[in-house]
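Chains A and B are the protein sequences, given in the same order. Under the numbering used here, the first residue of the first sequence is numbered 1, with each subsequent residue one higher. Under the numbering used here, the first residue of the second sequence is numbered 1, with each subsequent residue one higher.
Errors might be hidden in some of the hints.
Claimed, not checked - Ranges of calculated distance between the beta carbons of each label pair, as one might list FRET restraints: (1) B/57 x A/92: 43 to 53 Å; (2) A/240 x B/92: 23 to 33 Å; (3) B/85 x A/170: 18 to 28 Å; (4) A/24 x B/85: 22 to 32 Å.
Derived from the structure by calculation, the hints contain no laboratory data. From the three backbone atoms N, C-alpha and C, an ideal C-beta is built for every residue, glycine too.
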Amino acid sequence: MSDALHLALIALLLALAFWTVVARETFAAVAGFVSYGLLLTLAWVALSAVDVALTEAAIGAGLTGALLIGAASRLRKTEAAARTEWPGRATRVLAAIVASAVAAAIAACVLLLPDPAPTLAPEVAQNLASTGVGNPITAVLMSFRAMDTMLEAIVLLFGLIAIWSLASDRYWGGRPGLAPVYEPNGILAYLARVLPPIGIVVGIYILWVGADYPGGKFQGGTVLAAMWLLLMMSGLHDAPAVSRRWVRLVLIGGPAVFILVGVLGVFVANAFLAYPAGFAKPLIIVIEVALLPSLAVTLTLLLIGPPQRSESPP
Amino acid sequence: MNAPTLFGLCAAVLVGLGLYGLIVHPQPLRKVLSFNLIGSGVFLVCAVIARRGAAAGVGGDPVPQALLITAIVVAFAASALAVALMLRQCDETGSNSLSSDPGPAPAKPPADGEA
Chain A
1 MSDALHLALI ALLLALAFWT VVARETFAAV AGFVSYGLLL TLAWVALSAV DVALTEAAIG
61 AGLTGALLIG AASRLRKTEA AARTEWPGRA TRVLAAIVAS AVAAAIAACV LLLPDPAPTL
121 APEVAQNLAS TGVGNPITAV LMSFRAMDTM LEAIVLLFGL IAIWSLASDR YWGGRPGLAP
181 VYEPNGILAY LARVLPPIGI VVGIYILWVG ADYPGGKFQG GTVLAAMWLL LMMSGLHDAP
241 AVSRRWVRLV LIGGPAVFIL VGVLGVFVAN AFLAYPAGFA KPLIIVIEVA LLPSLAVTLT
301 LLLIGPPQRS ESPP
Chain B
1 MNAPTLFGLC AAVLVGLGLY GLIVHPQPLR KVLSFNLIGS GVFLVCAVIA RRGAAAGVGG
61 DPVPQALLIT AIVVAFAASA LAVALMLRQC DETGSNSLSS DPGPAPAKPP ADGEA
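Could you build all of it, start to finish, from the sequences and the hints given here?
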């Protein structure tokens, strides 16, 4: 991309971010934020971070956007009352001064970054062969910093447990989300019959190709989550009760396999999460394949929230 | 000025905008939106640092880039928890206010709330 394109992209990003902060209606602000997320994807591409761009498009703009749009429409009736609590002029001016000072400090840090920049890229490139994967990002996520990725999968699970804990007592263990409305001839029902077979293949392909090219389990898992959400929104399929044993087994399956492989490393490679020589790639694939369904189900259930209905169908 | 520096300055402004929104907006959902703006600004700084570390045939330092993927996913989980909390509060009290004093502002919402 040329400099003019970069400048145009930055101007648009800043305009949309400004809109997100100043828009009067929360719903309009969320709409601005979703477009902002999609444009941010281009910024990651411009900065040669294609793996991050895929994650941003799928999760940063896609899932977060769906989450915030749903929340904005459900909270719309409280908007007017909340807006009366606007802080006074003095607070706003003070906030503007603090925000500008922080922005100026970060800008100064960006301008004063050390040159030449410190980098771990040569170390990653040197040790890439020992992992057997071709994508350096996957090597960092699954081998050099596998501990971070394992903890992340566990954090997602804890987030889901926290959300489920918000269920009221009578719906504990019930079905999350609102009851679906099934319209057999609606456009959603049509899409939900046509898209999932394609989406499932694309999701698994993104996981598989992640070993050597941009892609991976988070991006692939999000595509699978989107397909499942489409089925639920169209009414072809209802959300499962969260007390179902298969739901819980799928949720903990991925992290459990990750931990098991980690513990195995203590015995065969002398360190937690170390892979024995020559077995790195097969073990990485085992963990990624086990994590894919876990992540897809976790992300879906994070999005639809705590149980709100009893288990039996109405 | 080169492209990474421009994106870095953009990130600084994003953090500033988000911080202002986080302070002044009374609605929790707007605070979550602003917090996400701050987050994306921080991620952008991280991506700029990764881009400046391009070496050994890769377009950016893969270590900060991998951290960014983790960060985006965790930020989504945090937003989902925040949204679930405010929806539950809204279901319970019919209000979506962070104000702790029972002043005139929250007097109106319970009238049409089901709680």
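* Given a hinted range of 43 to 53 Å, is it respected by the beta-carbon distance of residue 57 of chain B and residue 92 of chain A? -> Between residue 57 of chain B and residue 92 of chain A, where Cβ atoms are some 49 Å apart, the hint holds.
Does the Cβ pair residue 85 of chain B, residue 170 of chain A satisfy 18 to 28 Å? holds (19 Å)
*asked:* Just to be sure I understand the hint, the distance between the Cβ atoms of residue 240 of chain A and residue 92 of chain B should be within 23 to 33 Å; is that true here?
replied: The hint (23 to 33 Å, Cβ to Cβ) holds, given that residue 240 of chain A and residue 92 of chain B are roughly 25 Å apart.
(Q) Taking the Cβ atom of residue 24 of chain A and the Cβ atom of residue 85 of chain B, is their distance within the range 22 to 32 Å? (A) holds (24 Å)
Of the numbered hints given earlier, the model fails none.
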